[in-house]
Amino acid sequence: MAENEPKILSFLCNWCSYGAADLAGVSRMEYPPNIRVIRIPCTGRMSPKFILAGLRQGADAVWVSG
Amino acid sequence: MKNLLEHTGLEPGRLHFSWISSAESTKFVDVVTKITDEVKALDPANKKYVKTEPKVD
Amino acid sequence: MITFKLNGQTVQGEEGQYIIHVAEKYGVDIPTLCNHKALEPAGMCRVCTVELFDGRRSRFVTACNYPIWEGMEVTTDSKLAVDGRKLIIEMLLARCPDVPAVQKMAKDYGITELRFKKGDDTCILCGLCTRVCEKMGAKAISLTGRGVDMKVDTPYHLFTDACIGCGACASLCPTGHITLDKINSQHTQLNTQLIPSEYDMGLKGRKPVYVPYAQAVPNTPAIDRDVCVHFKTGGCQICTEFCGVNAIDHTMEDEIVEVEVGSIILAPGFKPFDPSQFDAYGYSKHPNVITSMEMERYLSASGPTAGHLVRPSDHQEPKKVAWFQCVGSRDSNRCDNSYCSSVCCMYAIKEATIAKEHAGDDLDCAIFFMDMRTPGKEFERFYDTAKEKHGVRFVRSRVHTIDPLPNGNELSLRYVTEDGKTIVEEFDMIVLSIGLETPPELVDLANRLDIDLTPGNFAKTESFNPVATSREGIFVCGAFQGPKDIPQSVIDASAAAAAAGEMLTSARNTLTQSKEVIPETNVVGERPKIGVFVCKCGSNIAGVVDVPAVRDYAASLPYVEFVTDSMYSCSQDTQETMAQIIKQKNLNRVVVAACTPKTHEPLFQETLINAGLNKYLFEMTNIRNHDSWVHKNNPEMATEKAKDLVRMAVAKVALMEPLIETELTVNQTAMVIGGGIAGLTTAQSLANQGYETHLIEQNDNLGGQAVNLFHTAQGDNIQEKLSELITSVKKNDNVKVHLNTKLTNVDGFVGSFKSTLTSGDNSEELEHGIAVLATGAAPYTPTEYSYGKNPNILTAIELDRKLIADDPMLSKLDSALFIQCVGSREPERMYCSRVCCTHSIENALELKKRNPDMNVYIVYRDIRTYGEKEYLYREAREKGIIFIRYALDNKPVVTAKDGSITVTVTDHVLGRPMELTVDLVSLATAIVPYRDEKLANFFKVPMNEDGFFIEKHAKLGPSEFATDGTFLCGMAHYPKPIDESIAQAKAAASRAVTLLSQKTIFSSGTIAEVEPMKCAACGVCVSVCPYSAPSFSTEGRFAGKAEINPVLCKGCGLCVASCRSGAIHLKGFDTDQIFSQIFELEKAI
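Protein chains in written order, with the working numbering: chain A, 1 to 66; chain B, 1 to 57; chain C, 1 to 1085.
For the record, the hints were derived by calculation from the structure and aren't laboratory data.
None of the hints are false.
Straight-line Cα separation of at most 16 Å, EDC-like style, residue types lysine to aspartate or glutamate; simulated pairs:
| no. | chain 1 | residue 1 | chain 2 | residue 2 |
| --- | --- | --- | --- | --- |
| 1 | C | Lys1083 | A | Glu5 |
| 2 | B | Lys27 | A | Glu30 |
| 3 | C | Lys848 | C | Asp919 |
| 4 | B | Lys40 | A | Glu5 |
| 5 | B | Lys34 | A | Glu5 |
| 6 | C | Lys848 | C | Glu875 |
Distance windows between CB atoms, simulated:
| no. | chain 1 | residue 1 | chain 2 | residue 2 | range |
| --- | --- | --- | --- | --- | --- |
| 7 | C | Thr1000 | A | Val26 | 31 to 37 Å |
| 8 | A | Val26 | C | Lys934 | 27 to 33 Å |
| 9 | B | Leu4 | C | Asp573 | 51 to 57 Å |
| 10 | A | Val26 | C | Asn851 | 50 to 56 Å |
| 11 | A | Val26 | C | Thr783 | 32 to 38 Å |
| 12 | A | Val26 | C | Asn184 | 42 to 48 Å |
| 13 | C | Asp83 | A | Val26 | 56 to 62 Å |
| 14 | C | Asp700 | A | Val26 | 41 to 47 Å |
| 15 | A | Val26 | C | Thr917 | 46 to 52 Å |
| 16 | B | Leu4 | C | Asn937 | 28 to 34 Å |
| 17 | C | Asp573 | A | Val26 | 24 to 30 Å |
| 18 | C | Glu576 | B | Leu4 | 47 to 53 Å |
| 19 | C | Tyr559 | A | Val26 | 28 to 34 Å |
Coverage of chain C stretches by chain A, computed from C-beta distances (three or more under 8 Å per stretch; other residues unrestricted):
| no. | region |
| --- | --- |
| 20 | 618-625 |
| 21 | 631-642 |
Yeah, the Cβ is synthetic: ideal placement off N, Cα and C, and Gly gets one too.
Could you build the full structure based on these sequences and the hints that come with them?
Okay, here's the thing in structure tokens:
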């Protein structure tokens, strides 16, 4: 994988950002293909452990969005 | 959380939080684009700091 | 049973079978050009040559017509067999060097150079055509001549009456030697053509046995009796030989079935207008003039060009496409359809946007229109985006001349722009935006049913009863009620169901049958066996993501036992196949990589249930909305992303466990919030269907905005009808009206809500199973147009009040002016308020009726009298009401000085400002939602940026929320006239009854659970949960520890993250499951 293509681990709330991402698709918007999405039922589900684990696994960044 | 990362030597730019409602697809795209650009600007080598597993003899 | 050896393997076949049949059964591929399952084999092409050892010697035989015998030894892949076949293919290639089927075979066998003299024939004399012709019962052709002169022909090479023009020979010919053109020019005068596919608007052929389209329900093929050869000659019946389950019976007859029903709902739809009757557009003459329905097919991934936009004349990509609006609509000169078809403006914008998306931004799209009508929810914004962002051109002009260029491709258009300039412009394609009309068969049906029709031949209904026809018990929905789009049709459909349900309440559940429950396979403790299904979604996914690569990649992942891809995973046949595969392969986990789980997860889970799997042994990953649709310019990265997402899903699904859904009892009481027309109607419908209903109104009277309104578009007196409605609701024993009451708290969830109703100082608790939000909207209070500076500058509603009161000032007026779009269709309120054009025209006509000499002006941007409201617009013009159009950047100016009102407006024809002094100005003010955040939070329902509530699905779920048990109707959803509010109110009631009529429903399985052994009873979960689901257990072994009420738990996971002892697990999103996804990230780096 090219060095300048970072991988951003994303935790998206099922009801909010995941829906926004769906809508972005339906609206055929475009954005960089660098995010990898994990659908979580709510940002309340987030735990710091997930963020650390993501970075430890080599994610260039972690994004949590509610 | 960001403080903790800084303490370990990671740039705060490696962790992002945002709130986007399910109707805000435009915002979603803006945020993804912004984060990606920001992360691309960071030194890719720096992340290795956490990735390295401690060696066990 | 005969036993013999095939490629060294012992195989068995039936007496009389040929080698090729047995080989097929055992998966041994033998090539052939002339073999057909339903026809007697002839061994003519020789390609199926195999080596046969009879115990003494080897020889070549043709597998298609050599019967099997005990003890024989057949080899298909020995050097001898392959060399023999290779020689035959080489000779075929020499005879027919240009036939693709032969070329491909030659390539497969490594034939690069020909040792024989090259011929130029395309027929390999296999005789398949003659055999099928005989089978068809025609016997029109045979192999004629001898030796080198042999060919397929009719007797004496003459035109023949024996040919029935069925085209079977052409469709089976392996080399393409026989074509329909050849048949037509050389053998018959029948003019044989492909059977036009109705679904593809005749742009593609279809078979006599066919499924109308991929998602058809039921997905069972039908035989078209009008074209099936069997019904002409008694021959063929080839289909019966292919059908493995003997489902085809050609002797079936039509039967007349009598059904006793209590009510009838008419949903027969419409017919697209046929523009071939108009010479001016040249639709029947020029191939590049197409209808909008044909354009839909050209733009569709499943269409004739797989979504690739080409002009029909030469299949080149067009550079310029023009849409002509109002073809067969708003036209009483050339056709009888003087109504507006309501849907064409929006679909033309959609087609133009998609065309640009498919063909690239260089494509020039121009829409020629009279008034742009986008009065639907989110439509104005779509129009604006098409114009401003996608660069679709909107030309307000009717094209008067179309001249095809001599090359037969482009068309030259001549039109006059608004400022009077004549423009000549060339286009590659013209799309006629054809309207909707009721076909003559439906007029007949209406006559037979004895129901009244409107002047436009739609079923006649009343504003206050929009789905009831003129005959009691017969209801109507969809475009037969009036031209309309999908959301409105869906609303009508639910409304008609409610209307029928109200009549049939006493018969409810008297004819129900219970569904067969498929026993669930216990997979606990089994090693994961994962099936991965990758969806192409037509070209939606496959057009960007390399689906086969993703599929093959998935096969390499741990525990994956089965992978496949499919065109549309959600189609019924794919679903059935999926269930079969799960059973056959004993899969115990399933991953579907397709669209969004938010809409499609339940569908696939249903498939798991049908296959006997617990529905939580499933994970869906979104490679469409989150991938192919948003990364279309980066297919490589998109494919990588899809692989990563599939890998993450596979890792997670392996850890999924079967989950149990808790049963809930449904409280069969309803709560309706809002006592306007929508709320009243919903309450009435629910009560009529036998459910106790509480109607909550914050004011001291019922009726909402309707108390201010004068007449409906159909001329009904609103005050009269409204008081009838209020009386009937008040009289209904099932309705309890709560006036002056506010909702101050809502607890609970679908089936068992507990709401606090506060009236003054009193609060009471109401338990109910469902809630309907019918909170309405309010008129905008203008700050513009000198409102408030002169008592005769009124809002539309203020004028209505004067009309209701028959104010004497009305009789003193000599002139009146209406200004449209006051506060609507502006940057801060980018939506059309939908009702104002009709409302102003109605009131203008009313003023004109009272004083025919009055000068009445309507100053507007686009007149949006959609549907049959268009008649009012026509009437207004006929009665001399003057329409003056203004542009957003040049709004009229109203000056109120010394008791007189002057309006300055720039006329679009003259291009000069005009000054009009008028006695009255009526402002068509916007309809503004209340933006009630508190209510939205109570029920956890979303609002759009304008402040209207967001329904479950813009098209298919317009009257309900995504949150279970909550429904939506009236203007809280979007501005709408009374008839549409009533339809949606009934629709909301109908949707609510689907829940209320059940005694129990099931909760989700993805909820939190405490592992009491680990629980430290710290109480953090009890304090953090917003739904009060965790509590301390009071009895049993684990008294004092936390426990979670599965019914209250929303599965958000807040308690899980906050639990310090790791004692709480969120089923379906457990820590190890999320970690498994994170861990899969490493491979992506």
